[in-house]
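Asker: Protein chains in written order, with this note's numbering: chain A, 3 to 357; chain B, 3 to 357.
Calculated directly from the structure, the hints in this document are not laboratory data.
Values in this document were obtained by computation on a predicted structure and should not be read as measured data.
Hints may contain errors.
Same chains, same label: a pair holds when it works inside one copy or across any pair of copies.
Stated by the list, open to error - When the alpha-carbon atoms are kept at most 30 Å apart in a straight line, the in silico DSS-like pairs for lysine-lysine are as follows:
| id | residue 1 | residue 2 |
| --- | --- | --- |
| 1 | Lys296 | Lys123 |
| 2 | Lys223 | Lys260 |
| 3 | Lys123 | Lys223 |
| 4 | Lys223 | Lys255 |
| 5 | Lys123 | Lys83 |
| 6 | Lys336 | Lys260 |
| 7 | Lys325 | Lys123 |
| 8 | Lys123 | Lys84 |
| 9 | Lys158 | Lys86 |
| 10 | Lys336 | Lys158 |
| 11 | Lys296 | Lys255 |
2 protein chains.
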Amino acid sequence: MSVTITIAIDAMGGDHGPVVTVPAALELLQNDPAIRVILVGQSSLLRAQLQLAPGYDAARVEIHEASQIVAMDEPPALALKKKKDSSMRVAINLVQEGRAQCCVSAGNTGALMATARFVLKMMPGIERPAIATTLPTIHGHCHVLDLGANVDCEPKHLCQFGLMGSILASAVDGLEQPTVGLLNIGHEAIKGNELIKQAGELLRQAPICFYGNVEGDDIYKGTVNVVVCDGFVGNVVLKTSEGLAWMLGQMIKREFQKNLLTRLAALVAMPVLNSFRRRVDHRQYNGASLLGLKGVVVKSHGGADAYAFRHALEYAAAEVRNKVLERIQDTVAKLTATQHRVPEPSNQEQEHRPS
Amino acid sequence: MSVTITIAIDAMGGDHGPVVTVPAALELLQNDPAIRVILVGQSSLLRAQLQLAPGYDAARVEIHEASQIVAMDEPPALALKKKKDSSMRVAINLVQEGRAQCCVSAGNTGALMATARFVLKMMPGIERPAIATTLPTIHGHCHVLDLGANVDCEPKHLCQFGLMGSILASAVDGLEQPTVGLLNIGHEAIKGNELIKQAGELLRQAPICFYGNVEGDDIYKGTVNVVVCDGFVGNVVLKTSEGLAWMLGQMIKREFQKNLLTRLAALVAMPVLNSFRRRVDHRQYNGASLLGLKGVVVKSHGGADAYAFRHALEYAAAEVRNKVLERIQDTVAKLTATQHRVPEPSNQEQEHRPS
Numbered sequence: 003m004s005v006t007i008t009i010a011i012d013a014m015g016g017d018h019g020p021v022v023t024v025p026a027a028l029e030l031l032q033n034d035p036a037i038r039v040i041l042v043g044q045s046s047l048l049r050a051q052l053q054l055a056p057g058y059d060a061a062r063v064e065i066h067e068a069s070q071i072v073a074m075d076e077p078p079a080l081a082l083k084k085k086k087d088s089s090m091r092v093a094i095n096l097v098q099e100g101r102a103q104c105c106v107s108a109g110n111t112g113a114l115m116a117t118a119r120f121v122l123k124m125m126p127g128i129e130r131p132a133i134a135t136t137l138p139t140i141h142g143h144c145h146v147l148d149l150g151a152n153v154d155c156e157p158k159h160l161c162q163f164g165l166m167g168s169i170l171a172s173a174v175d176g177l178e179q180p181t182v183g184l185l186n187i188g189h190e191a192i193k194g195n196e197l198i199k200q201a202g203e204l205l206r207q208a209p210i211c212f213y214g215n216v217e218g219d220d221i222y223k224g225t226v227n228v229v230v231c232d233g234f235v236g237n238v239v240l241k242t243s244e245g246l247a248w249m250l251g252q253m254i255k256r257e258f259q260k261n262l263l264t265r266l267a268a269l270v271a272m273p274v275l276n277s278f279r280r281r282v283d284h285r286q287y288n289g290a291s292l293l294g295l296k297g298v299v300v301k302s303h304g305g306a307d308a309y310a311f312r313h314a315l316e317y318a319a320a321e322v323r324n325k326v327l328e329r330i331q332d333t334v335a336k337l338t339a340t341q342h343r344v345p346e347p348s349n350q351e352q353e354h355r356p357s
Numbered sequence: 003m004s005v006t007i008t009i010a011i012d013a014m015g016g017d018h019g020p021v022v023t024v025p026a027a028l029e030l031l032q033n034d035p036a037i038r039v040i041l042v043g044q045s046s047l048l049r050a051q052l053q054l055a056p057g058y059d060a061a062r063v064e065i066h067e068a069s070q071i072v073a074m075d076e077p078p079a080l081a082l083k084k085k086k087d088s089s090m091r092v093a094i095n096l097v098q099e100g101r102a103q104c105c106v107s108a109g110n111t112g113a114l115m116a117t118a119r120f121v122l123k124m125m126p127g128i129e130r131p132a133i134a135t136t137l138p139t140i141h142g143h144c145h146v147l148d149l150g151a152n153v154d155c156e157p158k159h160l161c162q163f164g165l166m167g168s169i170l171a172s173a174v175d176g177l178e179q180p181t182v183g184l185l186n187i188g189h190e191a192i193k194g195n196e197l198i199k200q201a202g203e204l205l206r207q208a209p210i211c212f213y214g215n216v217e218g219d220d221i222y223k224g225t226v227n228v229v230v231c232d233g234f235v236g237n238v239v240l241k242t243s244e245g246l247a248w249m250l251g252q253m254i255k256r257e258f259q260k261n262l263l264t265r266l267a268a269l270v271a272m273p274v275l276n277s278f279r280r281r282v283d284h285r286q287y288n289g290a291s292l293l294g295l296k297g298v299v300v301k302s303h304g305g306a307d308a309y310a311f312r313h314a315l316e317y318a319a320a321e322v323r324n325k326v327l328e329r330i331q332d333t334v335a336k337l338t339a340t341q342h343r344v345p346e347p348s349n350q351e352q353e354h355r356p357s
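Chain A with its partners taken away, still in its complex shape (with noise of 0.2 Å):
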């Protein structure tokens, strides 16, 4: 018998807040019986949504009241200063206290990292949190990270995330040796901006199996398990996908419905396409882990549908099954003992060179 999981809920994160966070939970508990959650939020509120879904099991849902919300366009410093008692804020603070095993928010990413670093604390040996998450590849998904948690990274940041991110592909994909690639402009090592240039270098050093640098097209072609970069690019990349995605998405249902022809032939189709759809329906990769913290955190998308939010539920409840806190942990530890120092990347002169 599996362990229960106690899933930490900030009830009321997100654009819609109980409506969506609720109806998720209580869908992941009918689908799996060792998970509890607590909802954190307002408890009249949560007690009114969870009214209109009655036969759950209440043995293992809790409501933690919490008086505060922090709104979508919060600055990260105000939410950490004058919400102390807010939804977000006091599901963090269970998993502190060890009453959840993760928390999962649909709330402000800023405010969600602010607090989440302010409480849970970094992991000795990881200086900056990052945001991870999985992307539909051609063979199945890649781990990209960060996709926004730093907007100036230093070369050390990479290589630290390229060692977090390999721990999470192996826990979560039971790979043994994953492959750990670097977003730049070029597969050559000479190819890139300083930043780039020098965190290859450490990376190549890394107990780690490191491709070398990967191109944008290397995502989606699956060429590795995991790519590196940094939080601009990062979160440049996943908006960019968003929109292109999204631009033939519409362009395709357009063409179908140009006139009594395309829609005949639409309506043959229809299966096919509701297939596709399913397959890269980007609600199936929502989730994304804060990792280098000390406990785990889950971001959910903040338009997140139930069916979305759910699937973040259950990306959280797998990375504490998959223990990837503890072996990131491990894992820097062991390094931390044995090296002495980060090796320094050697000073290379600036080479332009566009693809």
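Start from chain A and add chain B according to the hints.
Answerer: Below, chain B alone, put in the same frame as chain A:
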């Protein structure tokens, strides 16, 4: 009657060389009576290729001997030093000498950039060249720059890219006030890294219609006419988009090939799918301008086929017809005359604000 435009073609460049470049040139001549071409390369090979297409208008085709070829993976510095009689170099020389109004190459981007910069020189007032291309949007297209000429930019360079992009969109698309967006990881002015925040300040003061920050998905939503970013980010955007579009194409193909029923559905849906494919055919978007130089140079994708290469030739001709070069030169000269100095960005403290 329109004035004749002479295009110098690096006929040996790209993955396929004359097999692609010569037929593309002849096709263009047939469609556009106001074009002349100078095919630059090993004349015996070019003549052989021309003989496969009898009946072309020989009066509008000139062969110009160049004995060397720049390899696709040749280091730019080496190409510059050792390949003074390369088809690429000689084609650019023809522009410098005024014997052609523009030059098109599918060769090594780095070498093309380095050679063009060396032979043609930068425009006064523009410090760095930028690679600009159009990407499809839900409404039409937008211009994106830089796509890989500069891996490390300063704020003033991004501001210059914004200015050049605005003039390009205005000239090519006939827009009076093209909107210019700065690619960032959030819409608010406080988001992003130091480079982006300072570039935003400069762009706000520039004589363009600055929209503010845009995110990756705004590219395909057509939020603005011009998207500005540094060459590292731009290249990642381009390659990621290529990879995602390829993966989605492969997946939809597979879905339709699954079984007899889906194959029948494909048969019915084929005309619609083909029409969709034509709309998003990246070959139509082949052709990237090297902006900021004292001459028109257009880069074609290395793997372009004749259809795609012809689009790059047309793109170059349009740039000449619309006087993009003269317009950028005039605007920058006026700005330099009226401004005593480029505004310096104020020094703000770095904030980490993931989106």
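Asker: Hints first: check each against the structure and report whether it holds.
Answerer: We went through each hint and held it up to the structure:
In this homomeric assembly, Lys296 and Lys123 come within 30 Å of each other (Cα to Cα) only inside a single copy, at 6 Å, whereas the closest approach across copies is 54 Å. For the identical chains of this complex, Lys223 and Lys260 are inter-copy neighbours only, at 21 Å across copies versus 32 Å inside a copy, given an alpha-carbon limit of 30 Å. In this assembly of identical chains, Lys123 and Lys223 lie within 30 Å of each other by CA distance neither inside one copy nor across copies; the values are 36 Å within and 39 Å between. In the homo-oligomer, the alpha carbons of Lys223 and Lys255 lie at most 30 Å apart both inside one protomer (25 Å) and across protomers (16 Å), since each shortest distance falls under that limit.
Taking CA atoms no more than 30 Å apart as the test, Lys123 paired with Lys83 passes inside one copy only; the shortest distance there is 16 Å, against 54 Å between copies. Taking the shortest alpha-carbon separations for Lys336 and Lys260, neither the intra-copy value of 62 Å nor the inter-copy value of 48 Å comes in at or below 30 Å. Taking identical chains as interchangeable, the C-alpha atoms of Lys325 and Lys123 lie at most 30 Å apart only when both belong to the same chain, with a minimum of 18 Å there against 58 Å between chains. Taking CA atoms no more than 30 Å apart as the test, Lys123 paired with Lys84 passes inside one copy only; the shortest distance there is 19 Å, against 56 Å between copies.
In this homomeric assembly, Lys158 and Lys86 never come within 30 Å of each other (Cα to Cα): the closest approach is 33 Å inside a single copy and 42 Å across copies. In this assembly of identical chains, Lys336 and Lys158 lie within 30 Å of each other by CA distance solely inside one copy; the values are 17 Å within and 45 Å between copies. When the C-alpha separation of Lys296 and Lys255 is checked against a cutoff of 30 Å, the pair qualifies neither within a copy, at 45 Å, nor between copies, at 44 Å.
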